[in-house]
Amino acid sequence: MYTPIPFLKLIASAGFPSPAEDFLDPNLDLNKFLIKNPPATFCIKVKGDSMIGTRIYSGDVLIVDRSLSPKNNNIVLATLNGNFIVKKIIITHSKVYLMSDDGERSEKMCINDQTEFNIWGVVTSVINKLIE
Amino acid sequence: MIALVDCNNFYASCERIFRPDLIAKPVIVLSNNDGCVIARSNEVKDMGISMGTPLFKINDLVRNYEINIFSSNFALYGDISNRIMQILKNDIANVEIYSIDEAFLDFSDFNNHETIALDLVNKINKWTGIPTSVGIAETKTLTKIANLFAKQSKSKNICHIDNSKIKFFTQKTKISDVWGIGNKYTKFLNKNKIYTAYDLTQKNDKWILNNMSINGLKTMYELKGIKCFELELLSSPKKNIRTSRTFSKETSDYYKLQRIISSFASKSSEKLRRQNSKTSSISVFIKTNRFKTCNNNFKLISKSNFEYPTDDNSIIVKEALKILNKIFIPGELYKQAGVIIGDFQLSNTFQPGLFENMCQKTKKNKLMQAFDNINNVFGSESIKLGSEEFHNKWRTNRNKLSPSYTTKWNDILDVNI
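Here the protein sequences come in this chain order: A and B. First residue of the first sequence: 87, per the numbering used here; consecutive thereafter. First residue of the second sequence: 3, per the numbering used here; consecutive thereafter.
One thing to keep in mind: the hints can contain errors.
In silico DSS-like cross-links for lysine-lysine, where the CA-CA straight-line distance does not exceed 30 Å [as the list claims (entries may be wrong)]:
1. B:Lys169 with B:Lys128
2. B:Lys410 with A:Lys118
3. A:Lys133 with B:Lys402
4. B:Lys125 with A:Lys181
5. A:Lys122 with A:Lys157
6. B:Lys27 with A:Lys131
7. B:Lys305 with B:Lys402
These are computed hints drawn from the structure, not numbers from a lab.
Pulled out of the complex, with its shape left as it was, chain A reads as follows (with noise of 0.2 Å):
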């Protein structure tokens, strides 16, 4: 892969020695910032305005690690039936529920034992990017 070169490093030592260079950082890493687990994270992207009430809207890309287990209130990727959905998962001591919130109404559904459910993998972040 390309690695950036830190820019200082280039500068040339013709005058005085940069006072920087005993300081210098490595650049800032997008990945190490976003992601705690490399081997288990994923990205997918998002169709769809079921979650805007969640802050997540079309044609986002969100970051999935599939390390973690579900919290109350995490955004989770899981598969029903055979299919991918993004929802809000709601932990009580009882019952699981999913939740979908497109900014007007949300909807909830419970999960029972006839379902087809599993988690695939907890939403860490969601990137946005407002200028292509």
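Following the hints, put chain B in place on chain A, whose structure we already have.
Showing chain B alone in chain A's frame:
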């Protein structure tokens, strides 16, 4: 103690990660050019379709049982493999990556082998979605056997052969299933009434040394639980690099073959530079169609040596084309072609020739570096030699290719919400 982690039906399992609708459905992955079956989900194994079956022979089954067919997607499999190896390396200090879907682990520091193995299986499955099996034993050869049994058991993905159970398991293992025993040895050993792994351990050292190689003797000791093959923890550079392809359409066109061979030779030298080696020899081969001309199937091949070891595209390509010129027979239809380079020397230790023009060579080295940098930054094949193919029509059939979900932004999973 050693553990062997092996992914179950690896390529087929990879195809399922992003296709939950395929869970418990039959899945097949085809070889390059969509020719033969190279991976099968359990459902397909149960139908009796064997490894290597050409697709055209099972068309009816595919239709009747709605088998899901995929072209091989090595971008995806490579990425998932890297993730799994990373997970193993996070937890285990000494890991030997043996192939894209297998790794030997050093378990000698642990007591609770099965608990740790089960932990790894669960973790890999949760983090990547890939099911794995673990064989645990004193030697590599026995872990291979343990892994076979782990795969066969429906309930548990772990099999531990401790020294007291070696006899039990080796008696149940066919000699052909023993690691390192190929077709030739199997035939020979069967002729000598050796049918199981256990039978081999009953022969004396001298007989095995006389009839097999030293590796045969090592295999026999390993089957008894005496370690002869250590974990190889330093990845050794490849001994040769082979770039070959089966074409989607046969060709008898010499100029087309020239361009294809140029591309392969150039690709090979790129790989060579990536591992910091220089090559001393090159072979080129062209092959006629294996299935159509069964009786008259032939492969034309020739090898030549370089004056000085080299990693220079232009020199390697030139030599490759010389060989092609020598072996090409006009009028034949060619189905496959390839380039193999070998006899490597490491770039930093190699001995330059006395009469080599070092000045020109330094310039050429810089050119190659620039060449590789351009392709690294702007994507592979951004720059190539004039003799290479400029469009990729000779490229193989990959009609059923799944998206590169984990390596291309344009291919990441779309979810409608």
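Now for the hints, and whether the structure bears them out:
1. Annotation: proposed proximity of Lys169 of chain B to Lys128 of chain B is violated, straight-line Cα distance about 35 Å (limit 30 Å).
2. Among the hinted pairs, Lys410 of chain B with Lys118 of chain A is consistent with the structure: their alpha-carbon atoms are about 19 Å apart, no more than 30 Å.
3. Of the supplied pair hints, the one linking Lys133 of chain A and Lys402 of chain B holds, its CA atoms being roughly 25 Å apart against a limit of 30 Å.
4. With a CA separation close to 26 Å, the supplied pair Lys125 of chain B and Lys181 of chain A stays within the 30 Å bound.
5. The hinted pair formed by Lys122 of chain A and Lys157 of chain A meets the criterion: a straight-line CA distance of about 17 Å does not exceed 30 Å.
6. A threshold of 30 Å between alpha carbons decides the hint, and for Lys27 of chain B with Lys131 of chain A the separation of about 25 Å falls inside it, so the pair holds.
7. About 36 Å separates the Cα atoms of Lys305 of chain B and Lys402 of chain B, which puts this hinted pair outside 30 Å; it is violated.
In summary, the numbered hints that this structure violates are 1 and 7.
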